[in-house]
Structures are given as C-alpha cells and as structure tokens.
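Taking the hints into account, I'd like the entire structure generated from these sequences.
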Amino acid sequence: MPVAVAPYAREDFQRVAGETLRPGGLTLTARALAACRFAPGARVLDLGCGPGATLGLLAEDGLCAAGLDASEEFLVQAAPRGPVVRGRAQELPLRDGCLDGVFCECVLSATGDAPATLAAIARALRPGGLLALTDLYLRPGPQPGSAAAGCVAGAVPREVLTRQLEVAGLAPLFFEDHTKLLTELACRLTMALGSAQSVVAMLTGRDPACAGGPRPRLGYCLILAAKETP
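1 is the number of the first residue of the sequence shown in my numbering; add one for each residue after it.
Think of the hints as simulated: they come from the structure by calculation, not from any bench. All residues carry an ideal CB built from backbone N, CA and C; glycine is no exception. Keep in mind that the hints are not guaranteed to be accurate.
[Stated by the list, open to error] Pairwise CB distance ranges (calculated): (1) Gly-97 to Gly-62: 16 to 26 Å; (2) Arg-86 to Gly-194: 27 to 37 Å; (3) Arg-217 to Val-76: 35 to 45 Å.
[Claimed, not checked] Below 25 Å or equal to it, Euclidean Cα-Cα: the simulated DMTMM-like pairs (lysine to aspartate or glutamate) are: (4) Lys-180 to Glu-159; (5) Lys-180 to Asp-12; (6) Lys-180 to Glu-19; (7) Lys-180 to Glu-72.
So this is what it looks like as structure tokens:
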C-alpha cells in the first residue's frame, strides 16, 4: 500500500471523508462561521479549498468568498461554487489587508511550513480580521521517537500551535478540542481499509510494522484567532 501519497489525494480516503476531506464534514465550519459573525459581503478566503465544500457554504451565507488551492483538479471541482485561484498557502497571491476572514481547515499541518503559512494569512487579513483554523494537533503523552510523515508531520502540541499563531500576529480567541470527530473518521476508514494499521500508515506516512516507538497521540481542534491591531 502506498504511504507517500497525501490522504486527501487518495480515492479511498475521498470516498470515506466526503467532499470536505476532513473530520466532521462541515460541522466545525458552520460552528466557526457562526462565531465569526461576518457582515454580509465580507471578503473571506477558503484556503486549501479542495473540491469547494466550504466555499459553497460561505457563498450561501452571503459572503464574498473565494477559494485557493494548489491542485488544479480540485479547483475545477470547486469553480462552480465561487471564484478560485491556484496558489500556495505560504505565498498567498493577495494584497495586504484585503481579507476579513480566512478559513484554513485541515490544511496548516499539511503545508510543510506552518510559520510561513500563518504569516501569509496574517499579511492578507485586515487588522481585526479572523482566522478559523481546524487541524490535527499532538495531545500530551509519549510521542514517536522518529519523525512522522504525511499529514501528521506538521502536527504540533497545542502550546506550540498557539505560539506559532502569536508570532504571526494572530491572537487566539478560543480553542476547542474535537478529537471525537477525528476518531469517528478513523473508525470509518478502518472499516473501509480493513485494518487500523492501514489507517495509521495513511495518516503518518509510516509503516507501523517498521516504525519504532509509540504512535503519535493525535487530536483535532478548532481555533478562532484575530489579527492583532497596530
């Protein structure tokens, strides 16, 4: 079984996770959207939009929404739901302070450079603009002795993630643990793939039979943060 392919690019993962390609579907998106309380017509970016599920929800809520993704295939799927542009999260092709909000859902840990991505988000947000972030994180406890790959490679402890936000000029407003949604997705993947070992290999990029040490204690969270005002 190939483990070098990102989960979101695999057909078996896509069948199980659905068009959002993440735990919980649009559950946390809707929760974050309610918390943000954007004004009608607010300019919001769906960063790493994938097939465009969040982009569609933002547009339906009356926002001026656009999607960005590095995958041309995903952009073709997302285009019917709103304007899209191809680009990298670390180098947003947007002018400074042009956005009221950014949704970055299960994307940050997969970029390979969270600090650069958060800096790009902060640059594009206006002062007081909001970042809705959902992602993997490492829960307290024994961690793997060797570096993980795949989506897990960018997962960090909560305190590290909080510090990364603060360094970028993004002040965390609240943190919610939603690991239950990750567990539910993992259970469905186990049923589809036939074994928990296959799911671990998919998420970590490591063959459990060869990897030494404990498995990473993964959690899943929702964070709302605001760009600090001068």
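Okay, the hints, checked on the actual structure:
1. Gly-97 to Gly-62: 16 to 26 Å: Since the Cβ atoms of Gly-97 and Gly-62 sit about 22 Å apart, the hinted range of 16 to 26 Å holds.
2. Arg-86 to Gly-194: 27 to 37 Å: holds, 35 Å
3. Arg-217 to Val-76: 35 to 45 Å: Holds - the Cβ-Cβ distance for Arg-217 and Val-76, about 37 Å, lies within 35 to 45 Å.
4. Lys-180 to Glu-159: holds, 20 Å
5. Lys-180 to Asp-12: holds, 21 Å
6. Lys-180 to Glu-19: Holds: Lys-180 and Glu-19 sit about 19 Å apart, inside 25 Å.
7. Lys-180 to Glu-72: It is violated: about 32 Å lies between the C-alpha atoms, which goes past 25 Å.
Hint compliance for this structure: hint 7 is the single one not met.
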